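Here are the chains, one letter per residue:
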Amino acid sequence: MKYTSRARRVLGTALGAALLAGMALPAFAGLGGDASTVTADVVKMKGQARSAPGNGYTVSQITLPSGTLVNEYISAEGKVFAVTWKGASVPDLSQTLGSYFEEYKAAASVAPHASHHHLTVRQPDLVVVTGGHMRAWNGKAYVPSLLPPNFSLDEIKQ
Amino acid sequence: MRDPVRKVILFALSQLLFLAACGGGGANLTSGGSGTGTGTGTSTGPGAGQTIAAANGTNAITMTVDSGPNGGQVNIPYVSVTICAPGSTSNCQTIDRMEVDTGSYGVRVISSVLSSTLLAALTQETVTGGNLVECTMFGDGYSWGSMHLADVTMGTEKAASQSIQVIGDSNYPTIPTTCSNTGTQEDTVATFGANGIIGVGPFVTDCGDCTASTESAFYWACPNGGGTCSQTLVTLAQEASNPVAAFTTDNTGVILELPTVPDGGAVKVSGVLVFGVGTASNNGLGSATVLTADNEGFINTIYKGVTYTQAFIDSGSNFNFFNDSTIGTQGTAPNQVYTPGSQLTLSAIEQGLNNAEATVSFKVGNAETLFSNNPSYSAFDNIAAPISQSQGFDFGMPFFYGRNVFTVIEGKGTSGGIGPFFAF
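Chains B and S supply the protein sequences, listed in that same order.
Quick note: the first sequence uses my numbering, first residue 1, plus one each step.
Quick note: the second sequence uses my numbering, first residue 1001, plus one each step.
Some clues are possibly wrong.
[Claimed, not checked] Keeping only pairs whose Cα atoms sit at most 35 Å apart, straight-line, the calculated DSBU-like set for lysine-lysine is:
1) B/LYS157 with S/LYS1363
2) S/LYS1268 with S/LYS1363
3) B/LYS157 with S/LYS1304
4) B/LYS105 with B/LYS157
5) B/LYS105 with B/LYS79
6) S/LYS1268 with S/LYS1304
7) S/LYS1268 with S/LYS1158
8) S/LYS1304 with S/LYS1363
9) B/LYS79 with B/LYS157
10) B/LYS105 with S/LYS1268
11) B/LYS105 with S/LYS1363
For the record, the hints were derived by calculation from the structure and aren't laboratory data.
Bear in mind that the values here come from a model prediction, so they are computed numbers and not experimental data.
Kindly generate the complete structure, drawing on both the sequences and the hints.
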């Protein structure tokens, strides 16, 4: 079957609209964000996205141009309750941690640390754990109050 | 975790206690040149059969674990490094408390420790569009600073015209948000916890791909004096690089040789950093087990029946980092630490890509108790913490006490094979 370029464009627009309407997420919302409203952020990060179902949640995986992988864990209510990243390059954490980024930075700055390979921030409403070594960094973050019922933290994987 | 106020009070108290107890604890450990470890470990534990090389000042230099330039650091190994203007033997500065990191690549110095005379003579690297500045991404934050040519000397080993990073260089005050959005800024001695760092891990450069792609956002072309920077390609020679690989001799890797530490910790520990593996009479592999690493520097670790495929051995990690939900934890930044009711003795198998295996025993004490009992101590061999990566298992500094740990660089041949590999 042949499409004219115009037909292809129309089809592409329809697909884009379907994605924006929340069908067949992947989305990129940032921790605590509302997945259904910010699909366009994939574009901002210039990422390639796909999604996979979990037990009562969806994992949206975004491959950034740097090769870094970002996973977003989205609850049935459409909230991003956890994120992970993995790659030689650390992603834009103001995007991945969303509104929690400033809290993360403030907590991380409290104690100077010469060990530059691992960090944990543990607040009542935010847990961030980062680590690795040069050429292979990774991290995970979650909001305890947003975790789905019966969710096991072991399910958060890079 | 280490509350500063509580620390000051406990520090004063501990000094009194330490004076009272002095002579009995053996807490201030030094290795006076060649000697045999006297640890109580089994054949798989620390100290067994260890011989620490003499610090001969040529290919073996003194390495010290202490509380760092501003105090408060735990399990960070430091050496002194001499930085000279390229080709100069007079415009030089020897900088102490440079952190020894087998989990990174490149020489980085905090700008404030460099004299203005030396800094002015370190040739600024340039690229199309401006001067070369790096955003170094670490696990706990980032360091922003310009790239310069310098001669880097340790002992009598010299890496000539190395591209080194001057962290916090005031000529480049405008940090791109792509960099600053990767975490907290660590551009001063106080925030970095060292006067600089030498990355002497199992690879040569800190990026590699940065010659072909700007997507990592490591390297930037910036106008001198501030203003908008843009992501840039670099040559391999412009990347921050393992200085050992650039030595004319003894360039195959490094050995970190530190003595055992008692369960209660030590105020400070002194050992030796040896350059070269299998290149001189003091750096042979001997009977060490060679564990070949993959292209990201990972080996396998098998712990409680589970194989972790992103395992590594790293002097830049100040604790052992692994996940075990059966051990309780406490604390927050910089780390949540394991706090078992009583000290645990655990075992793991480290396995290389070459299928060689070594079984090691290690201890996990109650970190909160150890820190509060000994707030002035900087060396502990029994502190561990959870790790971020689900497939990760990181033997950090506690693993290095009482063992000579070899890190061999990619492509470098030894009697034990070609790097990248770890051996101990």
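Item to check | Given hint B/LYS79 paired with B/LYS105 - CA-CA distance at most 35 Å | outcome: 22 Å, holds
Item to check | 35 Å Cα cutoff - pair B/LYS105, S/LYS1268 | outcome: 31 Å, holds
Checklist entry - If you draw a straight line from the CA of S/LYS1304 to the CA of S/LYS1363, is it 35 Å or shorter? => result 15 Å, holds
Item to check | 35 Å limit on alpha-carbon distance, applied to hinted pair S/LYS1268 and S/LYS1363 | outcome: 19 Å, holds
Next on the checklist: Check the hint pairing B/LYS105 with B/LYS157 against an upper bound of 35 Å on the C-alpha distance.
Outcome noted: Holds: B/LYS105 and B/LYS157 sit about 22 Å apart, inside 35 Å.
Next on the checklist: Between the alpha carbons of S/LYS1268 and S/LYS1304, is the straight-line distance 35 Å or under?
Outcome noted: 32 Å, holds
Checklist entry - Does S/LYS1268 pair with S/LYS1158 here, judged by a C-alpha cut-off of 35 Å? => result Holds: S/LYS1268 and S/LYS1158 sit about 28 Å apart, inside 35 Å.
Checklist entry - Is it true that the CA of B/LYS157 sits at most 35 Å from the CA of S/LYS1363? => result Distance ~27 Å between B/LYS157 and S/LYS1363 Cα, so the pair holds.
Next on the checklist: Please verify whether B/LYS79 and B/LYS157 have alpha carbons no more than 35 Å apart.
Outcome noted: 18 Å, holds
Next on the checklist: Does S/LYS1363 sit within 35 Å of B/LYS105, going by the straight-line distance between their CA atoms?
Outcome noted: Holds - the C-alpha atoms of S/LYS1363 and B/LYS105 are around 32 Å apart, at most 35 Å.
Checklist entry - Taking 35 Å as the top limit, are the C-alpha atoms of B/LYS157 and S/LYS1304 close enough? => result 19 Å, holds
Hint compliance for this structure: every hint is met.
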